[in-house]
Structures are given as structure tokens and as C-alpha cells.
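K.L.:
Take a look at the letters that make up each chain.
Protein chains: 2
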Amino acid sequence: MKIVAAKKILKANDQLAAENRSLFDRAGVFAVNILGSPGCGKTTLIEAMIQAVRARVPTAVIEGDLAGTVDAERLAAQQVPVLQINTEGACHLDANMIAAAVRELPLDGVSLLLIENVGNLVCTAGFNLGEHLRIVLLSVPEGDDKLVKYPTIFQTAEAVIVTKYDLAPHFDFRLERVRDDLRRLGNDGPVFPISAKTGQGLGELLRWFAGRLPDRE
Amino acid sequence: MKIVAAKKILKANDQLAAENRSLFDRAGVFAVNILGSPGCGKTTLIEAMIQAVRARVPTAVIEGDLAGTVDAERLAAQQVPVLQINTEGACHLDANMIAAAVRELPLDGVSLLLIENVGNLVCTAGFNLGEHLRIVLLSVPEGDDKLVKYPTIFQTAEAVIVTKYDLAPHFDFRLERVRDDLRRLGNDGPVFPISAKTGQGLGELLRWFAGRLPDRE
Numbered sequence: 001m002k003i004v005a006a007k008k009i010l011k012a013n014d015q016l017a018a019e020n021r022s023l024f025d026r027a028g029v030f031a032v033n034i035l036g037s038p039g040c041g042k043t044t045l046i047e048a049m050i051q052a053v054r055a056r057v058p059t060a061v062i063e064g065d066l067a068g069t070v071d072a073e074r075l076a077a078q079q080v081p082v083l084q085i086n087t088e089g090a091c092h093l094d095a096n097m098i099a100a101a102v103r104e105l106p107l108d109g110v111s112l113l114l115i116e117n118v119g120n121l122v123c124t125a126g127f128n129l130g131e132h133l134r135i136v137l138l139s140v141p142e143g144d145d146k147l148v149k150y151p152t153i154f155q156t157a158e159a160v161i162v163t164k165y166d167l168a169p170h171f172d173f174r175l176e177r178v179r180d181d182l183r184r185l186g187n188d189g190p191v192f193p194i195s196a197k198t199g200q201g202l203g204e205l206l207r208w209f210a211g212r213l214p215d216r217e
Numbered sequence: 001m002k003i004v005a006a007k008k009i010l011k012a013n014d015q016l017a018a019e020n021r022s023l024f025d026r027a028g029v030f031a032v033n034i035l036g037s038p039g040c041g042k043t044t045l046i047e048a049m050i051q052a053v054r055a056r057v058p059t060a061v062i063e064g065d066l067a068g069t070v071d072a073e074r075l076a077a078q079q080v081p082v083l084q085i086n087t088e089g090a091c092h093l094d095a096n097m098i099a100a101a102v103r104e105l106p107l108d109g110v111s112l113l114l115i116e117n118v119g120n121l122v123c124t125a126g127f128n129l130g131e132h133l134r135i136v137l138l139s140v141p142e143g144d145d146k147l148v149k150y151p152t153i154f155q156t157a158e159a160v161i162v163t164k165y166d167l168a169p170h171f172d173f174r175l176e177r178v179r180d181d182l183r184r185l186g187n188d189g190p191v192f193p194i195s196a197k198t199g200q201g202l203g204e205l206l207r208w209f210a211g212r213l214p215d216r217e
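Going down the list, the sequences are from chains A and B.
Oh and the first sequence: position 87 is 87 in this note's numbering, straight run, nothing missing.
Oh and the second sequence: position 217 is 217 in this note's numbering, straight run, nothing missing.
Please note: incorrect hints may appear among the correct ones.
Claimed, not checked - If you want the footprint, here are the derived chain B segments under chain A, 3+ residues with CB under 8 Å: (1) 114-120; (2) 147-155.
Said to hold, decoys possible - Far from chain B, some chain A residues (derived; all Cβ distances over 10 Å): (3) Arg26; (4) Glu47; (5) Ile50; (6) Ala77; (7) Ala100; (8) Val122; (9) Asp145; (10) Glu158; (11) His170; (12) Arg174; (13) Val178; (14) Asp188.
Since the hints were derived computationally from the structure, they do not count as laboratory data.
From a predicted model like this one, the values you see are computed outputs, not experimental measurements.
C-beta atoms are modelled at their ideal positions from N, C-alpha and C, and glycine is treated no differently.
Looking at chain A on its own, in the form it has when it is part of the complex (with noise of 0.2 Å):
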């Protein structure tokens, strides 16, 4: 019987990750882990991004989900580099998964590497991937005190991007309740809502996440 402690998992996780950070580093990759619960529109984001960037960063995506590979066969779509990680039950991507997956998808050429993390408010938000940029999503049906519910993924977030906002006036949804409650986190970052839909808000958003980006030459 192997037997492995959670404090062990998470010092070796870190170690990988700064493994992966390194590599990143290396090879000129900005890496982004994109986090937030199963259908708050993770995939759809990204596409936006690509779609944002496309012009001038070459991209690669990582998909995460614990079985499928029905994000990867919409974003190959894209046309970009994309590799679907199946944790086979494992409820959040870890440094390990990324440095295999690495392995496999060639960063030659690539700037911007985009990891879809498994649709989780609560695991994902303990496994540090190496990545350089970490944003959560929060889509307006799942209502406006998901802060409170779920401190630690928001806590550790750069940003936090409010999605589907063109429903805000069918759920009673409170941006200012978010962004009061991000401040009582401790957290000073952004929010940003966000309709896929309708476009609002998403190109001032993908201007803080170019301005993210680092400069090339």
C-alpha cells in the first residue's frame, strides 16, 4: 500500500511547479491557469483570447477535465496547439500533470500557453502549476455570494472575470457584492464582467491581459 501525506503532495507540487515556471521562463511562454466552476464559460474565454491575441502571440491550450476531450476537439477548431490532460477522476490539473503534458506539446514558438484547469471552486485553488497568471471565473447564474462560499480560490486569484453578465438582470446579481467582498479577501485585483454574448466588457479585459503579457521584442 502506498501511503503519501497531504503536506508531502503539496511541498512536491510546489517544487514541480517551480520546475515548470523555470521551463516557462526558458522558453519565453507566459503561462496563464484559468480556474472557476464546471459551465462558467472557461472554454469560451479562452477562445476569446486566441481569437483577441491571435495576430501577434502564438498559442497553445492545455485542457484539464477528469474524462473527454470535448474542450479540445471545439478549440482545435482554433487552430492552436492544444493537448487535453484526463485526470481520470482527479478533481484539479497539478504541477506534475503540466510537466508531462509539456512533454508532449511543443513550446518551440509559442508565447502564450493558456491552461483550461478542471471546472472546480475548491481543489484546483490549492495547485500551483508554475503558471505565471492565475484568474477565476464567475458566471452571474451561479449568483453573487460565491466569495464567501468559496474564499480560497478567490483569494489566490489575479483577477476575477464575471462571465455571462448579460444575465446579471435575470439573477439578481450584485457586481458590487463581488467586489466587495474580493476587497474583504484581502484581494485588491480587478473584476471584470464579461458577456461572451454580447461583447461587453471583453475588450477591456483582453486589454489588461495584453497589458499582462510580457513585452517582445
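Add chain B to chain A, keeping to what the hints say.
P.N.:
For chain B alone, coordinates are given in the frame of chain A:
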């Protein structure tokens, strides 16, 4: 340092779940484990269930959240006994938490115990709480592709409740796909489309649910 193997934890959980089940049976309590993503409508369904059976089935609720008491406060307005479990970071309820909760929440006179699990389509699936019935909610805004991505939870639930079904036209949500994917997972259980907003489908679901409750003298 404390070292515990995952297999041992699950085995210990199963044993505690069996003890919970015996306790429920002796007390004449029917326990329901309610699963689903963050914001899929678990609390709203619980409110509807309480109102539907109020006259004849004394009900109590256990609320599981990482932190906070948002849902417990909301359900207290229903004037039923409510106990909040804060998992303090844990991504699911387990049988031990339920055993501890039941010591605080006297079951005298209670016939129905509704347990709202942590919002999570992955980790909650692996932990039996001792429940008689396990149902999983899938909200329309999450999309109709979730059974492929999160198979275990849909395999282990006795029914799938498709919530926020009034939004189906906005989301190109195909109920048939959910039914087909469920059958493909080897689960013959019913799929109930409902809308708490319009009331659609609630009657049928609640009749099915009432039929699952044990007959009482």
C-alpha cells in the same frame, strides 16, 4: 506528521456512513444527499422541497460550505432546523462530518433530512454520507456536456435534476443529450427538467420525490 492513505480514508468513511444509515433508520429519518456545482440551485430546490412536504413531513437541513452561513441563514427563514457545517477548505462533506452534525441537530420528530453538499461535481461523488437517496443537479447555464466531463457523479446519482430550465432557449441546451449521456454511463435514472422561477417540472419532480419517501402511519 500525520499520514493517512486515501484508500483508508474511504474505507473508514464507508464504515461511518453505514453507522449514519443505521442511526437514520432507527430514527425514522430519510436522508437525501444533494449534489451539484456551485450556484446550480441546490438551496432553491431545498426550499421548494421543504414547502412541498411541509404539511406532512417534518424536515431538517444540513448545509455544507467551505465557509460562511449564507445558505443556512436563507433556509432558517423556512422555519425548519438547519445546521451549517463549515468544511474549512475541504471540498466535500464526509460521513464523519454528518455524524458530528447529527449529534448537534436532534432528529426527534424529523422524518426528512436534506443534506446540501459542497458545490463540487468531483469530490463529493466519492463520499457516501449514509444517505438513502442521492440526487445531482445540473443547471442549464453549465451546459449539456457535463456528463461526459464529470462522469462519476452522474453515475452514482439516482436522479438528475436539470435546473434553471426556463433558460434552455438562451443556452442551446439539449435535454436529450443529457438523457443519452446518462444512459451511456449505465444510469437508468430519471432526468427532471425544472425551473424554480416558472414552476415548470417542479410538480413532477416532487411527486417522484414523495414516492421515494417511506410510507408513514
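K.L.:
Hints first: check each against the structure and report whether it holds.
P.N.:
Here's how the hints hold up against the structure:
no.	hint	result
1	114-120	holds (count 3)
2	147-155	holds (count 5)
3	Arg26	holds (33 Å)
4	Glu47	holds (14 Å)
5	Ile50	holds (19 Å)
6	Ala77	holds (15 Å)
7	Ala100	holds (20 Å)
8	Val122	violated (4 Å)
9	Asp145	violated (5 Å)
10	Glu158	holds (20 Å)
11	His170	violated (8 Å)
12	Arg174	holds (13 Å)
13	Val178	holds (13 Å)
14	Asp188	holds (20 Å)
Going down the numbered hints, you'll see the structure goes against 8, 9 and 11, while the others check out.
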